[in-house]
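Peer 1: With the sequences and hints as input, model every part of the structure.
Protein chains in written order, with the numbering used here: chain A, 2 to 212; chain B, 105 to 319; chain C, 3 to 234.
Since the hints were derived computationally from the structure, they do not count as laboratory data. The model shown is predicted, which means the values in this text are computed figures rather than measured ones. All C-beta atoms in this analysis are idealised placements derived from N, C-alpha and C, irrespective of residue type, glycine included. Incorrect hints may appear among the rest.
[What the hints assert, rightly or not] Simulated crosslink set (EDC-like; lysine to aspartate or glutamate; CA at most 20 Å straight-line):
| id | chain 1 | residue 1 | chain 2 | residue 2 |
| --- | --- | --- | --- | --- |
| 1 | C | K218 | C | E175 |
| 2 | C | K218 | A | E11 |
| 3 | A | K12 | C | E180 |
| 4 | C | K218 | C | E180 |
| 5 | A | K12 | C | E230 |
| 6 | C | K66 | A | D33 |
| 7 | C | K218 | C | E200 |
| 8 | C | K214 | C | E200 |
| 9 | C | K214 | C | E173 |
| 10 | B | K134 | B | E158 |
| 11 | C | K218 | A | E8 |
| 12 | A | K12 | C | E175 |
| 13 | B | K134 | A | D149 |
| 14 | C | K214 | C | D198 |
| 15 | C | K214 | C | E230 |
| 16 | C | K218 | A | E16 |
| 17 | C | K66 | A | D183 |
| 18 | B | K134 | A | D183 |
| 19 | B | K134 | B | E148 |
| 20 | C | K214 | A | E11 |
| 21 | C | K218 | C | D198 |
| 22 | A | K12 | C | D222 |
| 23 | A | K12 | C | E173 |
[To be verified] Ranges of calculated distance between the beta carbons of each label pair, as one might list FRET restraints:
| id | chain 1 | residue 1 | chain 2 | residue 2 | range |
| --- | --- | --- | --- | --- | --- |
| 24 | B | D291 | C | A234 | 48 to 54 Å |
| 25 | A | G160 | B | A287 | 44 to 50 Å |
| 26 | C | D198 | B | T200 | 39 to 45 Å |
| 27 | B | R295 | C | A234 | 56 to 62 Å |
[To be verified] Computed footprint of chain A on chain C, listed as stretches where at least three residues anywhere in the stretch have a Cβ under 8 Å from a Cβ of chain A:
| id | stretch |
| --- | --- |
| 28 | 66-77 |
| 29 | 122-129 |
| 30 | 181-194 |
| 31 | 201-209 |
If you want the building blocks of each chain, they are given just below.
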Amino acid sequence: MREPTDELMEKVVRELSALPPVREEAIQRILDLAAQRRAAERRAQEPPAAEPPVHARRRVAPRWWIGVAAAATLAALIWVGIGRDDGVPSVPVNAPLAAADAAPRAEAGALAVADRIIADEAPRAVQFVLDAPGARSVAVVGGFNGWDPQATPLERVPGTTVWTTTVLLTPGRYTYAFVVDDSTWVLDPRAPRASDPDYGVDSSVLLVGRE
Amino acid sequence: MRTLPFLLGCAAVTALASAAAAQDPRLEEKLDPATRRQVAAVIERARGRGLPVEPLVDKALEGVAKRAPGPRIVSAVARLSERLEAAREALGPNATPAEVRAGAEALAVGVPDSALRELRAAAPGVSLAVPLGVLTQLVSRGVAVDRAAATVLDLLRRGARPSQLIALGEAVQQDIAQGMAPATALDVRLRGILGALPPSGGASITTIGVDKPPR
Amino acid sequence: MRTGLADGLVQAGRGAPRAVADRATSVDHFGDGAISPGPMRQRGVSGGHRAMSRLPDSTIARAKLGDDEAFAEIVRHYYARCLRFARNMLGDLADAEDAVQEAFLRVHAALPRYTEYGRFEPWLFRILANQCRTMRARERRRGEWLTPYEPRHDAAAPEAPDDSGGLLRREIERALRELPALLREAFLLYHVEGIDYEQMTAITGARISALKMRVKRARDILRARLQEVQSA
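Peer 2: In structure tokens:
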């Protein structure tokens, strides 16, 4: 009676003894991290330098025009288009392409170029919307707010189950998600999904910069 | 005046402590001590190399928000640090933090650094943050890397504005979401935008929307 | 989930022997009475990690003094085995990589205080086993929080039925995962990693009699579960 059982156990051990594939990159990361940790330790033991290095003191020049441009663009709220029943984004997909059909204005001179770049880089007001029946709280988290569920709460539109907030974002690509009731990670049903090889938890993704 | 040495001592201790601790108070609050030390070491090294560190802080905070275990956060931050360095290398020493961040995201989805170099060469005077963001999005929605990179490069050379690139990216991803093949979606939407732009001027076009470089 | 595992795969430990293929076997070892290392285990394990030469104490000593080359030798020598143990404990290769990374970084930080010459391996496995426990606790909390997500799976796990008995590796892994963690840990340390009971006491902090009991119970439970699957 014992023999078949023992063969079974042999097999179990044999299967579990298979060495998994080893990624050289993973080993290298351990060595790099260890070296970096040691370097940081050594630096912490040295007396602080009288002057911080130049790169640490570098200041970003105040971008006064961002404020001006923000004020100008606030007038045109961009709907991200989330959780609405009709499934149609409030800014039709064709609209920006139609705008693009107009040939770029002929411009000359550095000033005009600067104006254009300012307009292109100016923050856009982006509205996040989630229909969340029964939710007690909704927040949006993303790279723009340090993924902090306390930073950007949504407000419920009175008399509805729709939650909304508006934030200013400079043009670019952003990943984000909603956190409902401080406990549940919810993707935007109307936005594409961004896979996340780092943490294995997908986010929603948003392109900002339409006019 | 006996307080002076005391104050100096306090200042030295504080400086030492802050050098050893995480660079950002948000990390201080949210990471466990072991993870914090390792992330701080990566950030410190990145700062020493003149890389933007905000994306690294964000990456760590993203891990916290996603309840990732500490070692995974450390790995993710370390990987991003490598990509930021590669992106800065490809985009040149004058690349802005936003460009370096966007370049690192593009590298993460498989865009080769040669594509970053070509984009930089095609448009040395303008921010590549949006073109790189759109490229990343096209690739992550299934458009072949070569095709997506060539398209964005061509559009940049023709002087496409960031808002036009964004519109293209959005339209393509909308079509893909509705079931269209990624390559077809790009073809169709590209047609709409190309007619509005001048032919590709190659490397001679250096500034978005301007036919000749301003002098 | 993209794990990136398909890229840049190299085989474990660069020249470390494959444990499985040439493992000598004996049915005696798993008899209920055979809870001390038996002939199969002696021979079998020698086909696995024991065939790797033990790292000389001088390597450990150099690493302790801050020699990065020596630390790299340690990591390369033990990485594959550590990864195997962590994957068997956690059931996920990406989680296992995380645990092993953290364990080695802790070893690196603690090496200056390391004094147990000749007992490096149990010391390393103690740190790794602790890390696996921590990871499991965190994963459980995370799982509760991120409710809308599909569970991640190990992309590298083979799914085809194997040659003998028609048992799927997946079923063995499932049975293993259903074991209480302490039993799983003891079973893996003893039978898969080939660590003896005396060293296991250093790793787990449990007494030898308790460890023997855990290994036996683990075997009993695994047998029962897998026999059910086989007969089904």
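Peer 1: Taking the hints in turn, state whether each one holds.
Peer 2: Here is how each hint holds up against the structure:
1. K218(C) <-> E175(C): Measuring from Cα to Cα gives roughly 18 Å; hence the hint holds.
2. K218(C) <-> E11(A): OK: K218(C) and E11(A) at ~14 Å, within 20 Å.
3. K12(A) <-> E180(C): The hint holds at about 18 Å.
4. K218(C) <-> E180(C): Within the cut-off at roughly 16 Å; holds.
5. K12(A) <-> E230(C): Roughly 15 Å between the alpha carbons, so the hint for K12(A) and E230(C) holds.
6. K66(C) <-> D33(A): Distance of about 17 Å is within 20 Å: holds.
7. K218(C) <-> E200(C): Holds, because 16 Å separates the two Cα atoms, which is no more than 20 Å.
8. K214(C) <-> E200(C): 11 Å, holds
9. K214(C) <-> E173(C): Not satisfied, since the Cα-Cα distance of roughly 25 Å exceeds 20 Å.
10. K134(B) <-> E158(B): 16 Å, holds
11. K218(C) <-> E8(A): Roughly 16 Å separates the two Cα atoms, so the pair holds.
12. K12(A) <-> E175(C): This hinted pair holds, its Cα atoms lying about 12 Å apart.
13. K134(B) <-> D149(A): OK: K134(B) and D149(A) at ~10 Å, within 20 Å.
14. K214(C) <-> D198(C): This hinted pair holds, its Cα atoms lying about 10 Å apart.
15. K214(C) <-> E230(C): 25 Å, violated
16. K218(C) <-> E16(A): Holds, at roughly 19 Å.
17. K66(C) <-> D183(A): 45 Å, violated
18. K134(B) <-> D183(A): 16 Å, holds
19. K134(B) <-> E148(B): Measuring from Cα to Cα gives roughly 18 Å; hence the hint holds.
20. K214(C) <-> E11(A): Roughly 18 Å separates the two Cα atoms, so the pair holds.
21. K218(C) <-> D198(C): 14 Å, holds
22. K12(A) <-> D222(C): 15 Å, holds
23. K12(A) <-> E173(C): 12 Å, holds
24. D291(B) <-> A234(C): 48 to 54 Å: Given a distance of about 53 Å, which is inside 48 to 54 Å, the answer is holds.
25. G160(A) <-> A287(B): 44 to 50 Å: At roughly 46 Å between Cβ atoms, A287(B) and G160(A) fall inside 44 to 50 Å, so the hint holds.
26. D198(C) <-> T200(B): 39 to 45 Å: Since D198(C) and T200(B) have Cβ atoms about 59 Å apart, the given range 39 to 45 Å is violated.
27. R295(B) <-> A234(C): 56 to 62 Å: For R295(B) and A234(C) the Cβ distance comes to about 58 Å; the hint holds.
28. 66-77: holds (count 5)
29. 122-129: violated (count 0)
30. 181-194: It holds, with 3 qualifying residues against the three required.
31. 201-209: violated (count 0)
Checked against the numbered hints above, the structure breaks hints 9, 15, 17, 26, 29 and 31 and satisfies the rest.
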